[in-house]
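*Asks:* Chains C and Y supply the protein sequences, listed in that same order. Under the numbering used here, the very last position in the first sequence is 1383; numbers go up by exactly one each time. Under the numbering used here, the very last position in the second sequence is 1547; numbers go up by exactly one each time.
Treat the hints with care, since some could be wrong.
Per label pair, the in silico range of CB-to-CB distance [claimed, not checked]:
| hint | chain 1 | residue 1 | chain 2 | residue 2 | range |
| --- | --- | --- | --- | --- | --- |
| 1 | Y | Arg-1531 | C | Trp-980 | 50 to 56 angstroms |
| 2 | C | Pro-982 | Y | Arg-1373 | 30 to 36 angstroms |
| 3 | C | Ala-947 | Y | Val-1325 | 23 to 29 angstroms |
| 4 | Y | Arg-1373 | C | Ala-1008 | 19 to 25 angstroms |
| 5 | Y | Arg-1373 | C | Trp-980 | 36 to 42 angstroms |
| 6 | C | His-959 | Y | Arg-1531 | 24 to 30 angstroms |
| 7 | Y | Val-1360 | C | Pro-982 | 43 to 49 angstroms |
| 8 | Y | Ala-1246 | C | Ser-1134 | 46 to 52 angstroms |
Pulled from the structure, derived: some chain Y residues nowhere near chain C, Cβ distances all over 12 angstroms [claimed, not checked]:
| hint | residue |
| --- | --- |
| 9 | Thr-1365 |
| 10 | Thr-1404 |
| 11 | Leu-1408 |
| 12 | Phe-1454 |
| 13 | Asn-1463 |
| 14 | Phe-1493 |
| 15 | Leu-1520 |
| 16 | Tyr-1534 |
| 17 | Ala-1537 |
Just a sample of chain C residues kept apart from chain Y, beta carbon distances all over 10 angstroms, derived [as the list claims (entries may be wrong)]:
| hint | residue |
| --- | --- |
| 18 | Asp-970 |
| 19 | Glu-1106 |
| 20 | Asp-1258 |
By construction, these hints were calculated from the structure, which means they are not laboratory data. Since the model is a prediction, treat every value here as computed from it, not as a measurement. Using N, Cα and C, we set each Cβ at its ideal position, and we do this for glycine too.
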Amino acid sequence: MTDRLLALTGITKRFGSLVANDAISLELSRGEVLALLGENGAGKSTLVSILFGHYVADAGTIEILGRALPPGDPAAALAAGIGMVHQHSTLADNLSVLDNVMLGTEPLWWPRSRRREARGRLLGTARRFGLAVDPDARVASLSVGERQRVEILKALYRDARVLILDEPTAVLTPQESEALFATLRGMVAEGLSVIFISHKLGEVLRVSDRIAVLRAGRLVATLPARGTSTSALAEAMVGRAIAPPVARPHARGDVVCVIDRVSTRGVRASARLDAVSLALHAGEITAIAGVAGNGQAALVELLCGLRAADAGTVTLAGRPMAADPRAWIAAGAARIPEDRRETGTIGDLPVWENAIAERYRRPFASGGIVRRSAARSFAAKLVDRYDVRGGGIDTPVRALSGGNMQKLIIGRALSGGAARPDQYAPTLVVASQPTWGLDAGAVAWVHQRMLDACARGAAVLLVSEDLDEIFALADRIAVLHAGRLTPARPAKAWTLAGLGLAMAGAGTRDAA
Amino acid sequence: MLDALAAMLVHADFWSAVLRIATPLILGTLGVLLCERAGVLNLGIEGIMVAGAFTGWLAVHAGAGLWTGVLVAAATGALFGALHGVLTVPLALSQHVSGLGITMFASSVAYYAYRVSFPNVTTPPTIRPFVEMRWLELPVLSAQTPLTLLALALVPLVAWVLARTPAGLAVRMVGENPAAAEGQGLSVSAVRIGAIVAGSALMGVAGAFLTLSAFNAFFFNMVNGRGWICVALVVFAGWRPGKALAGALLFAFFDAMQLRLQQADAGGLPYQAWLMLPYLLSIVALVAVARRASYPQALMRPYRKGER
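One chain only, chain C, in its complex shape (with noise of 0.2 angstroms):
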């Protein structure tokens, strides 16, 4: 190809026993949109990171225009025209916009900042691409959505030629997402090139020319866009054909759970709920959509008994429930936390201690003295039941993979400590992010462990970003918002477009 750009040749990357990446070649035109396509650890991410600088390779070349890109500098990436929009925020909170963008663009012994020539370069860049930005604005103050925007302007100050997105849709509503589309296209119309990493099968199918499919540090595929079908894509992605949950028919049943105008009171705005109302119903799927940061994570902790209401009140079957972790466990919830290394499991304890973590005094304990045999072939029952890989029940949680890991706060969450888990239901499962950074294969076991726990009785809620997932599974929908909630509609009354309105605030203030 004349128009060559950038040239990836066998790159090769390993984590200690682990190969990231294994012999990678690739190649981008100029003003052509590359989707890397990859489940979680599939060597996306360690990719492009190697592309920037950021890591070096262990083997391997990478050309831009013809001339070698030394390994891990990240000053001769951007020198290059490699702009990179990281999966994490790389923006400094309590700096402002000016600044997180000038940084490192004039030479350290330079006795003064030229801002103000900084300030109007900034603005006109803004205005070229459409991206309108405060250049004052403390990044803290900003939306999710505006500091990505950011963050692409940091790349196109500096003149990028090729622009690298590291799941840029991940926290964004549907409408964002397609005005970051809208970008994506002004800017290859300007000739820059983009590499745009997802998981999502149909964005991928939207916004790229050529698609590049990653699996297990292989490069296993390169397809251009046109005449791809998702179902051939998945398979690539997957390397093997997934059976997709199965919902078993549930009927609705008794209110379960009453949440009366509860308001929360905290210093983040994912801590604040404002006068939420909310009945979950036994064999129900409740979801709650909404972009992270609007409340979710107080709505999960006062159903886990870790945050109190400041007003209004919670029962749990017919009784008032006070913010005691103990006793919402003792009344049969179940708790999937959304972080599970930080709030999920003890990484450093053994897998059989983690397993009687929520109910270490009865029936794993009598007289202030564990019993290790009970606990221990509890343990070893969980881990066969749920199938949970990775080592014994000796082995430190914080070695198994994060779907093992998943598969073990599940099965810890449903069988409820009883000695016989198949005759176990619990009436409340609280699941938070439940299928995060997973892979299809743990996706579709979380799913279908969520549609048994539901057929047997319990009432689900379901607080998750992924608005697949979320029509895959729910019954019911209400949205989040800045702390309130909308009413809970039934899922076939809501469309995309609508939810991605509601979640970005449009209807929820009438609602409550």
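Guided by the hints, dock chain Y onto chain C, whose structure is given.
*Replies:* The following block gives chain Y in isolation, referenced to the frame of chain C:
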């Protein structure tokens, strides 16, 4: 007693004392502030001040000029700062442990070198220190030495460097979000070590003020916890140079008051109670102010490139 207090407050001598007491605190606080804005706690300050006090004085005692002594003290501070930087930045050791280690190491080396250099003296040998700037003919300032003027001038300078220069922006960024700084092509290690070296040089000068201006000799325990006060003052100041000056002056005000109240034999209290006063008031001020402080986000977080 209130009359005595009022009489004290209108006397120029009192305010001269405040400024004199504040000078090493201003220098040291600016030093700590520079390190912490870059994300590194430097508890080596107490020892670096001892070392700077000693080497600055030793240079002058050996015949060098006073300003050369100040430079020697700054270089001493920079050297210990570089050691702290290498230990905490590329090697990513605990910043607390490394800092306390530097304090013990630097002060022990200084005391040892002093003993070896002057084995048989009973009274500490003296030098001719900086003299007061009588020619200035201003009420409080003319009772100060040039080092106090230097300290006062450094406050706006450090503020300006942090706010208005590319280097200052780099320092603030590595203290807020080192990954972002690296993403913009900066070397986090180089910027952090640079800030620690510069800050530690100021700490060395803070120590030298004690031997080259406040007194005319070096003796044991002369730093006497001033370094720790500086660490607290940075929090009190919310990591801002202007407020650091205010904090240093406030502490010095209480200290000067305490010195006079001891002599006045006021209220029949034992003098130790007055000795305690500035520290007690510092804690109260910290409680009042520091709860709202916004820390540099990456303070005490080591950054390792290429780690996942």
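*Asks:* Could you say whether the range 23 to 29 angstroms given as a hint is met by the Cβ separation of Ala-947 (chain C) and Val-1325 (chain Y)?
*Replies:* holds (25 angstroms)
*Asks:* Closest CB-CB distance from Thr-1365 (chain Y) to chain C, is it above 12 angstroms?
*Replies:* Nearest chain C Cβ is 41 angstroms from Thr-1365 (chain Y), so the label holds.
*Asks:* For Arg-1373 (chain Y) and Ala-1008 (chain C), compare the CB-CB distance with the range 19 to 25 angstroms and indicate the outcome.
*Replies:* With a Cβ separation near 51 angstroms, Arg-1373 (chain Y) and Ala-1008 (chain C) fall outside 19 to 25 angstroms, so the hint is violated.
*Asks:* Checking the smallest CB distance to chain C, is Ala-1537 (chain Y) really beyond 12 angstroms?
*Replies:* At about 9 angstroms from chain C, Ala-1537 (chain Y) fails to clear the 12 angstroms cut-off, so the statement is violated.
*Asks:* Between the beta carbons of Pro-982 (chain C) and Arg-1373 (chain Y), is the distance compatible with 30 to 36 angstroms?
*Replies:* Check passed, 34 angstroms falls within 30 to 36 angstroms.
*Asks:* Please verify that the nearest CB of chain Y lies beyond 10 angstroms from Asp-1258 (chain C)'s CB.
*Replies:* Since the minimum Cβ distance to chain Y is about 27 angstroms, Asp-1258 (chain C) lies beyond 10 angstroms and the statement holds.
*Asks:* Regarding Arg-1531 (chain Y) and Trp-980 (chain C), is the given constraint of 50 to 56 angstroms on their beta-carbon distance met?
*Replies:* Since Arg-1531 (chain Y) and Trp-980 (chain C) have Cβ atoms about 35 angstroms apart, the given range 50 to 56 angstroms is violated.
*Asks:* Quick check for students: does the CB of Phe-1493 (chain Y) sit more than 12 angstroms from each CB in chain C?
*Replies:* The claim stands: Phe-1493 (chain Y) keeps its Cβ more than 12 angstroms from every Cβ of chain C (closest is about 31 angstroms).
*Asks:* Do the Cβ positions of Val-1360 (chain Y) and Pro-982 (chain C) conform to the proposed distance bound of 43 to 49 angstroms?
*Replies:* At 47 angstroms between Cβs, range holds.
*Asks:* For Thr-1404 (chain Y), is the shortest CB-to-CB distance to chain C above 12 angstroms, so the non-interface label stands?
*Replies:* violated (6 angstroms)
*Asks:* According to the definition I'm using, a residue is off the interface if its beta carbon is farther than 10 angstroms from all beta carbons of the partner; does Glu-1106 (chain C) meet that for chain Y?
*Replies:* The claim stands: Glu-1106 (chain C) keeps its Cβ more than 10 angstroms from every Cβ of chain Y (closest is about 29 angstroms).
*Asks:* Would the non-interface assignment of Leu-1408 (chain Y) survive a Cβ cutoff of 12 angstroms against chain C?
*Replies:* violated (6 angstroms)
When each numbered hint is compared with the structure, violations occur for hints 1, 4, 8, 10, 11, 16, 17, 18.
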